[in-house]
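*Asks:* Below are the chains, spelled out letter by letter.
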Amino acid sequence: MKKWMILIGCMTMMGAMLQVSAQDFGDFSSQTLTGKAWEAYGKGNFELALTYTAKCKEMYMSEALKQEASLDAFPVGEGTHEYWALNDVGTCLFIEGQIYEKQKNITQALEVYAVVVNQLSFSQCWDEKGWFWKPAEASAGRIKQLEFDSLLD
Amino acid sequence: MRIFTVILVMGLCCPPALWAGGWPQGPEGEGVFVKGVTFTIQDTAQNPQAQLEALAEVKAMGATAIRTWGVGEDTPALLDHAHAQGLKVLVGLWLEHGRDGAENDGDLNYLSDDARKSQQREKVLQSVASLHEHPAVLGWGLGNEVILNIGGEDQKVAYAQYLEELVQAIKAIDPVHPVISVSAWTLSVPYWQKYTPSLDVYGINAYGAAAGVIPDDLERLGVQKPYLVTEFGPRGAWDSPKDDLGVPQMPSDAEKYQQISTGWGEWIVSNRGRGCVGGFVFNFGNDDSPTSLWLDFYVKGLKRPAYWATREAFTGQKVDGGIELLEEMLLSPSLVSPGQILTVGFEPLTGDDLGEIAFVYSPEFGERAYRNRMFPVQGKQVQNRVWKVLTPVKPGVYRLYAIQKSGEESMTVTQASVEVKEREPMVEMPVVAPSGSAVPTVMIQGDEQVGYQLMKEGKPFVIHGAGGSEHFDVLAVNGGNAVRTWGVGPDTPELLKRAHAQGISVTLGLWLGHERHGFNYSDAKQVAEQRREVEAAVKKYRNHPALLSWGLGNEMEGIQNRGDSPVIWKEVNYLAEMIKSLDKNHPVMTVVANVNPDKVTAIKRYAPAIDILGVNAYAGAQNIGNNLKNYGWTKPYAITEYGLPGPWEVEHTDWDAPLEPTSREKAGFYYIATKGILEDTHQCLGAYAFIWGSKQEATASWFGMFLPSGEKTPRVDAITRAWTGEWPENRAPVLKETEMPMFNQKVRGGESFSVKARYEDADGDRLRYHWEVREESRDRKVGGDQEAAPELVKNAVKKLDDEGNALLKTPKRSGAYRLFVTVKDGKGSGCMDNWPFYVR
Numbered sequence: 001m002k003k004w005m006i007l008i009g010c011m012t013m014m015g016a017m018l019q020v021s022a023q024d025f026g027d028f029s030s031q032t033l034t035g036k037a038w039e040a041y042g043k044g045n046f047e048l049a050l051t052y053t054a055k056c057k058e059m060y061m062s063e064a065l066k067q068e069a070s071l072d073a074f075p076v077g078e079g080t081h082e083y084w085a086l087n088d089v090g091t092c093l094f095i096e097g098q099i100y101e102k103q104k105n106i107t108q109a110l111e112v113y114a115v116v117v118n119q120l121s122f123s124q125c126w127d128e129k130g131w132f133w134k135p136a137e138a139s140a141g142r143i144k145q146l147e148f149d150s151l152l153d
Numbered sequence: 154m155r156i157f158t159v160i161l162v163m164g165l166c167c168p169p170a171l172w173a174g175g176w177p178q179g180p181e182g183e184g185v186f187v188k189g190v191t192f193t194i195q196d197t198a199q200n201p202q203a204q205l206e207a208l209a210e211v212k213a214m215g216a217t218a219i220r221t222w223g224v225g226e227d228t229p230a231l232l233d234h235a236h237a238q239g240l241k242v243l244v245g246l247w248l249e250h251g252r253d254g255a256e257n258d259g260d261l262n263y264l265s266d267d268a269r270k271s272q273q274r275e276k277v278l279q280s281v282a283s284l285h286e287h288p289a290v291l292g293w294g295l296g297n298e299v300i301l302n303i304g305g306e307d308q309k310v311a312y313a314q315y316l317e318e319l320v321q322a323i324k325a326i327d328p329v330h331p332v333i334s335v336s337a338w339t340l341s342v343p344y345w346q347k348y349t350p351s352l353d354v355y356g357i358n359a360y361g362a363a364a365g366v367i368p369d370d371l372e373r374l375g376v377q378k379p380y381l382v383t384e385f386g387p388r389g390a391w392d393s394p395k396d397d398l399g400v401p402q403m404p405s406d407a408e409k410y411q412q413i414s415t416g417w418g419e420w421i422v423s424n425r426g427r428g429c430v431g432g433f434v435f436n437f438g439n440d441d442s443p444t445s446l447w448l449d450f451y452v453k454g455l456k457r458p459a460y461w462a463t464r465e466a467f468t469g470q471k472v473d474g475g476i477e478l479l480e481e482m483l484l485s486p487s488l489v490s491p492g493q494i495l496t497v498g499f500e501p502l503t504g505d506d507l508g509e510i511a512f513v514y515s516p517e518f519g520e521r522a523y524r525n526r527m528f529p530v531q532g533k534q535v536q537n538r539v540w541k542v543l544t545p546v547k548p549g550v551y552r553l554y555a556i557q558k559s560g561e562e563s564m565t566v567t568q569a570s571v572e573v574k575e576r577e578p579m580v581e582m583p584v585v586a587p588s589g590s591a592v593p594t595v596m597i598q599g600d601e602q603v604g605y606q607l608m609k610e611g612k613p614f615v616i617h618g619a620g621g622s623e624h625f626d627v628l629a630v631n632g633g634n635a636v637r638t639w640g641v642g643p644d645t646p647e648l649l650k651r652a653h654a655q656g657i658s659v660t661l662g663l664w665l666g667h668e669r670h671g672f673n674y675s676d677a678k679q680v681a682e683q684r685r686e687v688e689a690a691v692k693k694y695r696n697h698p699a700l701l702s703w704g705l706g707n708e709m710e711g712i713q714n715r716g717d718s719p720v721i722w723k724e725v726n727y728l729a730e731m732i733k734s735l736d737k738n739h740p741v742m743t744v745v746a747n748v749n750p751d752k753v754t755a756i757k758r759y760a761p762a763i764d765i766l767g768v769n770a771y772a773g774a775q776n777i778g779n780n781l782k783n784y785g786w787t788k789p790y791a792i793t794e795y796g797l798p799g800p801w802e803v804e805h806t807d808w809d810a811p812l813e814p815t816s817r818e819k820a821g822f823y824y825i826a827t828k829g830i831l832e833d834t835h836q837c838l839g840a841y842a843f844i845w846g847s848k849q850e851a852t853a854s855w856f857g858m859f860l861p862s863g864e865k866t867p868r869v870d871a872i873t874r875a876w877t878g879e880w881p882e883n884r885a886p887v888l889k890e891t892e893m894p895m896f897n898q899k900v901r902g903g904e905s906f907s908v909k910a911r912y913e914d915a916d917g918d919r920l921r922y923h924w925e926v927r928e929e930s931r932d933r934k935v936g937g938d939q940e941a942a943p944e945l946v947k948n949a950v951k952k953l954d955d956e957g958n959a960l961l962k963t964p965k966r967s968g969a970y971r972l973f974v975t976v977k978d979g980k981g982s983g984c985m986d987n988w989p990f991y992v993r
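As you go down the protein sequences, you meet chains H and G in turn. Per our numbering, the first sequence starts with residue 1, numbered consecutively. Per our numbering, the second sequence starts with residue 154, numbered consecutively.
Don't take each hint at face value.
[To be verified] Facing chain H, from chain G, some residues (calculated, C-beta under 8 Å):
(1) Trp338
(2) Leu340
(3) Val680
(4) Asn783
(5) Arg874
(6) Gly878
(7) Ser907
It is worth saying that the hints were derived from the structure and are not from the lab. C-beta atoms are modelled at their ideal positions from N, C-alpha and C, and glycine is treated no differently.
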């Protein structure tokens, strides 16, 4: 009995360690969390990706909203990076929307896309191809696409 | 080295008695290089000390001398004041001109009017006699640009001979001071050389870089006398290039500053060893006229850049903290009606608030005195760097000056020209306009602040448009209200008639040449021919009741460059202004292939007459409004072509075949784009979906919203839903399910595949399937240019049923192919999809 308990205890600890390993938040910066969310999403590990996006929102949503409130136009050039929280949280929410779409959770997808459009409208995301794209524009497009799909089906 | 230079150097180092009295002397008695300014300040009742104060400033600027043009009652006092400041004076002795010239004062005939010549002679000699002993006298400036302003060769010769008599008479009274006469450029020099040998120094008025080449010209003319640059300054109106309205372009304040501050050294001082004994910068004056704005050191008591530049030239001292100078001013439109609102912008248009600016008009027509007047006009600031001002009521070409106080004591000015023209009377065109129909007036209401609204016949009009010339009936019943064409031709009257019959408005395209097709915007002949074609089209169709606006050109700026060619945009602007002069009832739109910052900047700068910017955009058309705002476009815009991502914007197969979106995805693109575009109700006037018809471009199904056989596709249904919120009465089939094992694969020739594409019809209509295989298109073009349909591969696919099942047997010949399916409901709707594959 005691041996079994010890074994179960060890397995629980290993599981917890594996989970910690899977949820490696790195330096906890918004940039790291967003990069890890993209990576997990790309590998189809949607639950892990959602863990990173949730952590990013938890830590930086408040700052992102402050940064959004300070803007009345899209920042340009190097100035774009000054709005790091806004950019990363906006991107994380867009990733969440993409995941919910793939999980056929359309209601949830529409909700997070709406947050990006309405509350993080000046967020931007650097594309390795060499330009910034705008999560709010992409989210608005997805909302309309989902609306259209619902009309067709 | 010219002989005269040796003489001059000797003269300056060991000045002859002739020069000893007046010429500035160095410690060894050598002649000193004159650093002078021309001077026109007079004492007034309000300021009896004006001259004295001004001369103190002249001295402080580092000048050693001033120049005047004539002797008056105040000349003795002026000499006293100058002497008090240690300044020398080149005393002007005015000689009348023989005809109206720049000074507008002459009709003396030097050939025959002996009495007036004698009177003038007496006056000059009296002046010399009364002043020559004054210690401030530097020399005598006898006549100014007289030969330029005398008509007839014989009179010029007579004047030069008369001048010689005067010089000799002056020297008889005053053998000490040099006698100088003044020429516009070197025009008088040949006459002086031949008929006026007693002149000591040649005075040459020369502005800008011309001053630097005086020695070359004198050498060419064999001159062996020293010269003084008697007037120098920034490039003058007579040397300036003219703008499109024929108005000489005034150098910017920055250019003026540069030309004086560095030109003095480069063009005058550097020629000291080649006969130049100094110069006078024009002009230490304080006036309030166009000439004053161009050249004076002061205007209305405020210093102009010429003041600071001259001080820097003479002393090397720069302005503390620099001075803010206005840059280029842009007017829109540049051809306007009397009393119309003119928009005035300042480069850079997106910069900081400029603060207070005053505006004045100066006419470029009428008598000289009238042309030299300035008419203030109130400006209303509507943005940081944008104002609105009213145009003058009197037709003609004007300069509009923008004047701003810069710092505590300086003034900066910029200018642009505008033509005020009476509206051309409307000419009815009964040939085109159906009898009894009213001519509509289309206009844009609003502004950048409140947003723009297109108004047709007094009612708001949002463009629910399509690009094409067919299926107007389908457009009208599905919520569309406008079409767009790309050019006029023999079919245009019939097209307008059909559109009008369906209540459809037309943006009539006026085709402009593309350089990639061989058109050259620098070829005057081609440009003139194109202008004639545009003019003829506008005159022919301007009164048609279906006309909504003019579509001036389509992607003529180029699609594989930045699209910022000044030559092209200036021509577009010319044409836009021409159209507006012919037709006040319809706005002018130009159409570009997407936008980038350089393109938008070029359009704003060179084509301000454009009312609406039409943008052809495919992927992301709904985001163009944001891009335009970011690039500083503040006028209204329309999306003139939108639809799917083009073949150039999508992923390709390994064999470089573009992957076409499915018919369902395409419908989604149209829905999203249409809704997204129309959400911008502030600046966007509407949009035209592309293409309301069918077209072979990459494939037969990519861009066409209709099948080649005329059936509408789900894209038409999607756009109808976006426009109206309702589906059309009859719906097109929608793709539901596919099984295409060879899709995007390399397969063997002669291999068989079961394929499936199942469609649903919301109305329950019976669907008919047609399958075919075609070679991948090899006739690919850019910019929507006409492409040939690829070859059909016969008997490659067999339809198995009307449920979407078929059997594909791949062609034996190696190459790229596509499998197409066309589905029709038999009631005017259909659908087409394709799947590329490759036979190894």
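*Asks:* Take the hints in turn and mark each one as holding or not.
*Replies:* Cross-check of the supplied hints:
1. Trp338: 50 Å, violated
2. Leu340: Where the cut-off is 8 Å and the nearest Cβ of chain H is about 55 Å from G/Leu340, the hint is violated.
3. Val680: Hint on G/Val680: violated, closest Cβ of chain H at ~36 Å, above 8 Å.
4. Asn783: Hint on G/Asn783: holds, closest Cβ of chain H at ~6 Å, below 8 Å.
5. Arg874: At 7 Å from the nearest chain H Cβ, G/Arg874 passes the 8 Å test, so the hint holds.
6. Gly878: Not OK, violated: G/Gly878 not within 8 Å of chain H, min 10 Å.
7. Ser907: Not OK, violated: G/Ser907 not within 8 Å of chain H, min 26 Å.
Violated hints, in rising order: 1, 2, 3, 6, 7; the structure is consistent with all others.
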